[in-house]
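J.: Listed here are the chains, written in short residue letters.
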Amino acid sequence: GENVEQHPSTLSVQEGDSAVIKCTYSDSASNYFPWYKQELGKRPQLIIDIRSNVGEKKDQRIAVTLNKTAKHFSLHITETQPEDSAVYFCAASRGGNNRLAFGKGNQVVVIP
Amino acid sequence: KAGVTQTPRYLIKTRGQQVTLSCSPISGHRSVSWYQQTPGQGLQFLFEYFSETQRNKGNFPGRFSGRQFSNSRSEMNVSTLELGDSALYLCASSSTGGVYNEQFFGPGTRLTVL
Numbered sequence: 092g093e094n095v096e097q098h099p100s101t102l103s104v105q106e107g108d109s110a111v112i113k114c115t116y117s118d119s120a121s122n123y124f125p126w127y128k129q130e131l132g133k134r135p136q137l138i139i140d141i142r143s144n145v146g147e148k149k150d151q152r153i154a155v156t157l158n159k160t161a162k163h164f165s166l167h168i169t170e171t172q173p174e175d176s177a178v179y180f181c182a183a184s185r186g187g188n189n190r191l192a193f194g195k196g197n198q199v200v201v202i203p
Numbered sequence: 017k018a019g020v021t022q023t024p025r026y027l028i029k030t031r032g033q034q035v036t037l038s039c040s041p042i043s044g045h046r047s048v049s050w051y052q053q054t055p056g057q058g059l060q061f062l063f064e065y066f067s068e069t070q071r072n073k074g075n076f077p078g079r080f081s082g083r084q085f086s087n088s089r090s091e092m093n094v095s096t097l098e099l100g101d102s103a104l105y106l107c108a109s110s111s112t113g114g115v116y117n118e119q120f121f122g123p124g125t126r127l128t129v130l
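Read top to bottom, the protein sequences are chains A and B.
Here the first sequence stands for residues 92 to 203, where the numbers follow my numbering.
Here the second sequence stands for residues 17 to 130, where the numbers follow my numbering.
No lab work stands behind these hints, which were simulated from the structure alone.
Please note that a few of the clues may not be correct.
DEER-style ranges, computed between Cβ atoms [stated by the list, open to error]:
| id | chain 1 | residue 1 | chain 2 | residue 2 | range |
| --- | --- | --- | --- | --- | --- |
| 1 | A | GLY186 | B | ASN75 | 13 to 23 Å |
| 2 | A | GLN105 | B | GLU68 | 47 to 57 Å |
| 3 | B | ARG83 | A | ARG152 | 35 to 45 Å |
| 4 | A | GLN151 | B | GLY19 | 14 to 24 Å |
| 5 | A | ASN158 | B | THR36 | 35 to 45 Å |
| 6 | A | GLU147 | B | THR36 | 36 to 46 Å |
| 7 | B | ARG126 | A | VAL111 | 25 to 35 Å |
| 8 | B | TYR26 | A | GLN198 | 18 to 28 Å |
| 9 | B | LYS73 | A | ALA120 | 16 to 26 Å |
| 10 | A | GLY92 | B | GLY78 | 14 to 24 Å |
| 11 | B | TYR26 | A | ALA161 | 41 to 51 Å |
| 12 | A | GLN151 | B | PRO77 | 41 to 51 Å |
| 13 | A | SER117 | B | GLY32 | 29 to 39 Å |
C-beta: ideal position from N, C-alpha, C; glycine also.
All chains, please: the whole structure from these sequences, using the hints.
T.: Dropping the structure here:
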């Protein structure tokens, strides 16, 4: 089955700086890559996703890049704010298949 | 639209008991997936139901089972509870209109096994 690895496990950044989280996946047939943000005690929330026919996608301060050849994708958060502090999960699945394989999560701490 | 709801939010059981958790998807969503979240293993896929049929299954023992009703509401059942079953159980609903299906999570049921 699909195996998703996520690095680093914890990331501390100064407010206003950028944060980058990287994930690798093993199944070359995976073509859907969502990112979820989970605040303490709350449900995971979809923040952005990318499909395999796209190399990059942006939504305001958040961007995701995908390298299918190397089988890795990354989340970029620019101009970080304290409300960006949370655990971020990357995931992968095959299109039409709702079985998401998740990475172990990254704790992002934004220092005011 | 109302979001995904799960009941109950918290449960305390003892080893050997069984438990049933419920999930109501977003109106119009026909797919419900279940995940187990623990600090050590993270989020792990249990199974997915679509149109009352199990469509995908993860690598969990047969003690974990589920079903889906005609109104798309889903239940999961865990029999003969073990201490290691203590976890946050999340369900996620998805429409299946396209190839890439966004999944929206419920708040979860926190199960503690004593």
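J.: Hint by hint, note whether the structure agrees.
T.: Here is how each hint holds up against the structure:
{"no.": "1", "hint": "A:GLY186 with B:ASN75: 13 to 23 Å", "verdict": "holds, 22 Å"}
{"no.": "2", "hint": "A:GLN105 with B:GLU68: 47 to 57 Å", "verdict": "holds, 51 Å"}
{"no.": "3", "hint": "B:ARG83 with A:ARG152: 35 to 45 Å", "verdict": "holds, 42 Å"}
{"no.": "4", "hint": "A:GLN151 with B:GLY19: 14 to 24 Å", "verdict": "holds, 22 Å"}
{"no.": "5", "hint": "A:ASN158 with B:THR36: 35 to 45 Å", "verdict": "holds, 43 Å"}
{"no.": "6", "hint": "A:GLU147 with B:THR36: 36 to 46 Å", "verdict": "holds, 44 Å"}
{"no.": "7", "hint": "B:ARG126 with A:VAL111: 25 to 35 Å", "verdict": "holds, 32 Å"}
{"no.": "8", "hint": "B:TYR26 with A:GLN198: 18 to 28 Å", "verdict": "holds, 24 Å"}
{"no.": "9", "hint": "B:LYS73 with A:ALA120: 16 to 26 Å", "verdict": "holds, 18 Å"}
{"no.": "10", "hint": "A:GLY92 with B:GLY78: 14 to 24 Å", "verdict": "holds, 18 Å"}
{"no.": "11", "hint": "B:TYR26 with A:ALA161: 41 to 51 Å", "verdict": "holds, 43 Å"}
{"no.": "12", "hint": "A:GLN151 with B:PRO77: 41 to 51 Å", "verdict": "holds, 43 Å"}
{"no.": "13", "hint": "A:SER117 with B:GLY32: 29 to 39 Å", "verdict": "holds, 37 Å"}
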